[in-house]
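Undergrad: These protein sequences, in sequence, are chains W and E. Numbering of the first sequence is given in our numbering, commencing with residue 393 and proceeding in unit increments. Numbering of the second sequence is given in our numbering, commencing with residue 2 and proceeding in unit increments.
Hints were generated in silico from the structure; no laboratory data involved. Possibly wrong hints are sitting among the right ones.
Here are the simulated DSSO-like cross-link-like pairs (lysine-lysine), alpha carbons at most 30 Å apart as the crow flies [claimed, not checked]:
1. E:K4 x E:K55
2. E:K4 x W:K434
3. E:K53 x W:K434
4. W:K434 x W:K470
5. W:K434 x E:K70
6. W:K475 x W:K449
7. E:K70 x E:K4
8. W:K449 x E:K4
9. W:K470 x W:K449
10. W:K434 x E:K55
11. E:K53 x E:K4
12. E:K70 x E:K55
13. W:K449 x W:K434
14. E:K53 x E:K70
15. W:K475 x W:K434
Over the 10 Å line for every Cβ pair with chain W, so calculated as not near, a few chain E residues [stated by the list, open to error]:
16. D12
17. G44
18. P45
19. R46
20. K53
21. K55
22. V79
23. D83
24. M94
25. A100
26. S105
Beta carbons: idealized from backbone N, C-alpha and C, even for Gly.
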Amino acid sequence: EPEVTQTPSHQVTQMGQEVILRCVPISNHLYFYWYRQILGQKVEFLVSFYNNEISEKSEIFDDQFSVERPDGSNFTLKIRSTKLEDSAMYFCASSDDGQGPDTQYFGPGTRLTVL
Amino acid sequence: LAKTTQPISMDSYEGQEVNITCSHNNIATNDYITWYQQFPSQGPRFIIQGYKTKVTNEVASLFIPADRKSSTLSLPRVSLSDTAVYYCLVDRMDTGRRALTFGSGTRLQVQP
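Start from the sequences and build out the full structure, keeping to the hints where you can.
TA: What follows is the structure in structure tokens.
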């Protein structure tokens, strides 16, 4: 069964450093998403991406965040200058061509720890 | 987006059937219902989705009454590995692909 993959599984960084989280969505999917989950809290939407541009973003997704699809398979989330409060699990998801009900497929997540 | 309400937690024993009910009184005509499952430190996983009546797959069944103001996720003969958080989501069918809004979900604990 096709699945979304994410690397690394765990990233430790110092406050103020830049991090790039990587995702490989399911190959025939066209919509891509990033969510995050702070320990013990709800899964929160960050951003969605379609046709090489951001289609929707939350108030969490401020100027320190950016997304990119650098090639035909990868989808990345960059955090420019990490803060302690960015420590969370980050999940990538993808869904298909937009016809009918949506089903989003999530990756296993990257645990980001900011020290 | 229709608001959903589900129990915070449930306990069960291995081999039992578990039914988790979600209320969505303000569901709209074009809304459908989706359930996701999340294990600790993993991403949410799609379980089942439906619009009305009953849907069944290899994992679960979803019962939706005629008024669609609630839905029940039924897990037959649970095992310890079904211990997880279960989320009920209601979303529009006709608005393409959008952000999912997760609530707090129902934390199911299965005991031996």
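Undergrad: Would you mind marking each hint as holding or not holding in the structure?
TA: A quick look at each hint next to the structure:
1. Taken as a hint, the E:K4 and E:K55 pair is honoured in the structure, with Cα atoms around 21 Å apart against an allowance of 30 Å.
2. Taken as a hint, the E:K4 and W:K434 pair is honoured in the structure, with Cα atoms around 15 Å apart against an allowance of 30 Å.
3. Of the supplied pair hints, the one linking E:K53 and W:K434 holds, its CA atoms being roughly 27 Å apart against a limit of 30 Å.
4. With a C-alpha separation of about 21 Å, the suggested pairing of W:K434 with W:K470 holds against the 30 Å cut-off.
5. With a CA separation close to 24 Å, the supplied pair W:K434 and E:K70 stays within the 30 Å bound.
6. Proposed proximity of W:K475 and W:K449 is supported: the alpha carbons are some 20 Å apart, at most 30 Å.
7. Straight-line distance between C-alpha atoms of E:K70 and E:K4 comes to about 11 Å, which keeps the hinted pair within the 30 Å bound.
8. Straight-line distance between C-alpha atoms of W:K449 and E:K4 comes to about 21 Å, which keeps the hinted pair within the 30 Å bound.
9. Proximity of W:K470 to W:K449 is assessed by CA-CA distance (about 14 Å); at most 30 Å being required, the pair is judged to hold.
10. Restraint check for W:K434 and E:K55: satisfied, since their Cα atoms lie roughly 28 Å apart, inside the 30 Å limit.
11. Note on E:K53 and E:K4: the hinted pairing holds, with a Cα-Cα distance of about 18 Å set against a maximum of 30 Å.
12. A distance of roughly 14 Å separates the Cα atoms of E:K70 and E:K55; the hinted pair therefore holds under the 30 Å criterion.
13. Only pairs whose Cα atoms come within 30 Å are accepted, and W:K449 paired with W:K434 is accepted, the gap being roughly 17 Å.
14. Taking the CA atoms of E:K53 and E:K70, the gap is near 10 Å; set against the 30 Å cutoff, the hint holds.
15. Restraint check for W:K475 and W:K434: satisfied, since their Cα atoms lie roughly 19 Å apart, inside the 30 Å limit.
16. Every C-beta of chain W lies more than 10 Å from that of E:D12, the closest at about 20 Å, which supports listing it as non-interface.
17. Not every CB of chain W is more than 10 Å from the CB of E:G44 (nearest about 3 Å), against its label as outside the interface.
18. Against chain W, the non-interface label of E:P45 is violated: not every CB pair exceeds 10 Å, the least being about 5 Å.
19. Interface exclusion of E:R46 from chain W breaks down, the closest Cβ pair being 7 Å apart, not more than 10 Å.
20. A cut-off of 10 Å between C-beta atoms confirms that E:K53 is not in contact with chain W; the least separation is 13 Å.
21. At roughly 16 Å from the closest C-beta of chain W, the C-beta of E:K55 stays outside 10 Å, upholding its exclusion from the interface.
22. Distance check on E:V79: its Cβ is at least 22 Å (rounded) from any Cβ of chain W, clearing the 10 Å threshold; non-interface status holds.
23. Even its closest Cβ contact with chain W, about 18 Å, leaves E:D83 beyond 10 Å, as expected for a residue assigned away from the interface.
24. Interface exclusion of E:M94 from chain W breaks down, the closest Cβ pair being 5 Å apart, not more than 10 Å.
25. Against chain W, the non-interface label of E:A100 is violated: not every CB pair exceeds 10 Å, the least being about 4 Å.
26. Its closest Cβ contact with chain W, about 6 Å, brings E:S105 to no more than 10 Å, contrary to its assignment away from the interface.
The structure fails hints 17, 18, 19, 24, 25, 26 (numbered hints given earlier, in ascending order).
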